[in-house]
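Trainee: Construct the complete structure from the given sequences, taking the supplied hints into account.
Listed in order, the protein sequences are those of chains A and B.
Per the working numbering, the first sequence runs over residues 1 to 1002.
Per the working numbering, the second sequence runs over residues 10001 to 10242.
Below, computed lysine-lysine pairings styled on PhoX-like, alpha-carbon distance capped at 25 Å:
hint: 1; chain 1: B; residue 1: 10189; chain 2: A; residue 2: 124
hint: 2; chain 1: A; residue 1: 509; chain 2: A; residue 2: 645
hint: 3; chain 1: B; residue 1: 10202; chain 2: A; residue 2: 905
hint: 4; chain 1: A; residue 1: 364; chain 2: A; residue 2: 546
hint: 5; chain 1: A; residue 1: 645; chain 2: A; residue 2: 795
hint: 6; chain 1: A; residue 1: 931; chain 2: B; residue 2: 10230
Footprint (simulated), chain B over chain A, 3 or more residues, beta carbon under 8 Å:
hint: 7; segment: 826-840
hint: 8; segment: 888-898
hint: 9; segment: 909-920
Simulated from the structure, these hints should not be mistaken for lab results.
Glycine included, each C-beta is placed from N, C-alpha and C at the ideal position.
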Amino acid sequence: MERPTITEPGPLLLHFSSGEVRCESPNNKLDKFAGILTYKGKNYILDHDKLLLRGCVIRNTDWCYGLVIYTGPDTKLMQNCGKSTFKRTHIDHLMNVLVLWIFLFLGSMCFILAVGHGIWENKKGYYFQNFLPWKEYVSSSVVSAILMFWSYFIILNTVVPISLYVSVEIIRLGNSYYINWDRKMFYAPKNTPAQARTTTLNEELGQVKYVFSDKTGTLTQNIMIFKKCSINGTLYGDVYDKNGQRVEVSEKTEKVDFSYNKLADPKFSFYDKTLVEAVKRGDGRVHLFFLSLSLCHTVMSEEKVEGELVYQAQSPDEGALVTAARNFGFAFRSRTSETITVVEMGETKVYQLLAILDFDNVRKRMSVIVRTPEDRVMLFCKGADTIVCQLLHPSCRSLGDVTMEHLDADRACEVSPSLLSAHTHVFQDFAIEGLRTLMVAYRELDNAFFQAWSKKHSEACLSLEDRENKISNVSEEIEKDLMLLGATAIEDKLQDGVLETIITLNKAKIKMWTLTGDKQETAVNIAYACNIFEDEMDEIFIVEGKDDETIWQELRSARAKMKPESLLESDPVNSYLTMKPKMPFKIPEEVPNGNYGLVINGYSLAYALEGNLELELLRTACMCKAVICCRMTPLQKAQVVELVKRYKKVVTLAIGDGANDVSMIKAAHIGIGISGQEGMQAMLNSDYAFCQFHYLRRLLLVHGRWSYNRMCKFLSYFFYKNFVFTLVHFWYAFFSGFSAQTVYDTWFITFYNLVYTSLPVLGLSLFDQDVNETWSLRFPELYEPGQHNLYFNKKEFVKCLVHGIYSSFVLFFVPMGTVYNSVRSDGKEISDYQSFSLIVQTSLLWVVTMQIALETTYWTMISHFFIWGSLGFYFCVLFFLYSDGLCLMFPNVFQFLGVARNILKLPQLWLSLVLSVVLCMLPVIGYQFLKPLFWPVSVDKVIDRIHHCMRHPLPPPIRTKVKHASSRRSAYAFSHKQGFGALITSGKTMKGKPKKSSLLKK
Amino acid sequence: MYYGLSNFYQNHRRYVKSRDDSQLNGDSSALLNPSKECEPYRRNEDKPIAPCGAIANSMFNDTLELFLVGNASYPTLIPLKKKGIAWWTDKNVKFRNPPGGEPLAERFKGTTKPVNWVNPVYMLDPDSDNNGFINEDFIVWMRTAALPTFRKLYRLIERKSDLHPTLPAGQYYLNITYNYPVHSFDGRKRMILSTISWMGGKNPFLGIAYIAVGSISFLLGVVLLVINHKYRNSSNTADITI
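Mentor: Below, the structure written as structure tokens:
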């Protein structure tokens, strides 16, 4: 539901029948709305500010009037969702192509045999009519040949693996259950297992090349934690043991006791006791620091039960800061449009709010001006370190340096080595830890000065033209000569294991793109924190142009640095593109000369996604190791995914948790929903769902890889098995007058795919693992073959075909040589058709069974049971089908009476069988042996290494510490948007009921 | 003693199908109403054919007699055993005459002989244990060959004692009563004498194949061993680190 909220509902009330709303037709623009409400002859303009999007929650509001504008699929959110398409894997498509190939192959075989039959009937059959007359409707050999074409079509149709589709579905279902059952992907706190919501995409999980990830809720928990602070040059927040060694904070670490403070938030935890001691000691600077935190913000508080404060903050960062101040004894209690009530160490004080100089992206700071109960006018300011530093009073220079050192340890070492020795510990760098920092400063204002300024300010506020610019100019006048108090560091808490997961995925050559609606600073900060961007990267390009030309320039120059030759005319991709092929084409992978990152803005992206820029964007972006797109609308996320999907022959995966990720989840080959706090939308539209980002590693590297390997093995084996089975008929045709005589007993034909060979291949494709999960995770390199689709492609299929032709050749001619003119030891001949069938079918079964035994790398009881059991079962069925009783009951159905008894005891059969098996296996074993030597794939080395490690177990790997950054970057990443400073000072929302204020939260 | 036919497609699909195993098994209803598979040798002059079908119809009916031309003026007939040439299962289980105590001719009443045959099925052999459907020549013929060139066991020449050779060296004389036409389809007839060992008759295929495959495997093994030694070192795995 989307409705315009009318902030002053009084006059309207509920008689709306006479009103009329005219608005734009449903569209997907989230930030635009235009409409006019006509009511009682008056026109009210409805704009974007008056629109609530579907899914929004109104806080702190008891009631409001609304009008539904769009419903159901017309809502802006649904318009942004993108189309649901039926997702199929690459292997599915390939399979369809191959089945088509097989049909052609079948047709050509039938054609050859039909022609052969025509010739045979002409040359021989015609004269053989004495013993075998033609059917009355056959007038000539041509007619016979035409009929024979269809006879062979029926006999040879087993090359078309109809049961393949069924088996594939079973395998996928099985592998989906593995995902559902995986205990290591079960999230105990929420009692939620991983969930494969579709069963058709499993093997594609083993081929992912691009991961598109949301940030908030996916990489991060969207929980802000007040981690550290630096007050007046002293660093608080680290915990040290008695020897002065820094201790990693863990669950066992003792928390600071806030019991002295009745208003403390029990969920807040802090570990450094020195800060509390400083507060209790009454350190003026520390008090001022927390006071400023409790004053300088736009948070609303709610106190439904006395003493239980609930803060409603527009950004979680602010909430964390105010909560921290509250716990340390400076609790922000309530506010009206003119006052802020703060409980200072148990003592309630009311500050008069004079002005809020609100936050915006250019200023990167906010200030409040208050009149204290002692009648001093104070300005409190917090903002980005880079900005605030320039505004400091010269007397704070040295303090500024120290604080900056806290923000950045490395520089501290360079500047003053003595400083390092003076402290017993090493500074922890806020920026490097991925903490979001803000500097806090204050200024005491002269009353007269403030009055003068206030006048200017209200003038600026009232001016009609260029208001924002004027306000910002006025603000700058007062925000200077600030006295530095310190800096805060807030941790945007990453989800568990994000860092390791991304490192592993990087090693597996999976490219990580972060698509977020957040601001650039926040996104980049998180990217560094979770290693998407590394400090070793050669360069990070930022595209933020506002028109085609600039963006084009930026993209080109980025590409010139990464791979200069890619701009030349002679570059294969360029020359290919200039040919302007009409067919959909794929851009090959291009390798840059280093590690690069790219940051692109939603605004620029809108241009870049249009027209001829999209190829530039794609080529540049795909050369980078990591890409961050910020300020994205949901639809843009989908567009980016579509772009990669369209021009790259790769598998894409999108992972997200919110409703704004739905379109991207739907667009990508594989969509993963994280069932987090942001509702079920993403999960319901996803193909796989789980609770933690780091399960992705397991999903891809273990389940995906296994599924892919199994599917590939299954397909090659399945095709092979059917080729061998069927092609024997082809060879036999040359000896049976092309008469469509089958080699095998009809029952064998019926049971072959259904009974004799179905279980082993299912066992293989459900249980096989070339290396176990530990190794899969330890050597992410093993993942690469899937990305290039090395294990099953058209080439592999042709290999199966050739292998099948060879095996069927052996399987026909070895038994033929064996039975030809040979007799038993009692003189009775064994060259009859039924004995021959039995020999061929038994050999065939042994060969395919040995083949599968050769392909099985992971032997379990089940695979032993399936493989050898199937073979044993074959002999049981054989004796049953050829038994006297059954054959006598239905002599015309079971014609092979006694054949098993008579033939299976022959040494010839077993000798011929062994020969067939050896001949069929030799080339395979030889090829498997030679392949890693002559045509090595990178994986072979890894597997070699693994085998080596298995034989000589190594000590567990020493965890190398994640290298820390070396470059200076600002850790400023306040997630605040332009806030409600204006709203608060206008006091509109607090009329009458100061406690209840309505906040529109998206 | 075998007879051999070549270019004779006993494995042609229509030929292989053209029989009624129920009838051959002595089923009385199938005797009078043979399966459709037997067409066009199902009925003749409104009477069901027994045994029906193209296979039975084309039964080999030459007679072969072997004489030893010794020093005596008239040759001695080598005794040929005509029983024991079919599989036991075929003779005793699969093929059965129609039930009943009467003479065979009575039991086959209401049927007619196959078109090409001279005598009806109940006159194949005077020995009642080798007559009708259980005639062993017939059974051997009905076990169709897998390949167009085949041999079928015709008679057994039994060794009388270990001291005397079964067929002593000397001149032999083969008397063929020529009934069976093969010229029309360019066929060939053969008569084969073969001595049986514990492994059956002479067929060098398996032996040769085993020797060939064995030597190939050995060679391959040596080659692979050499290659392994040469390449394993060069493609060592040192560049992969954990």
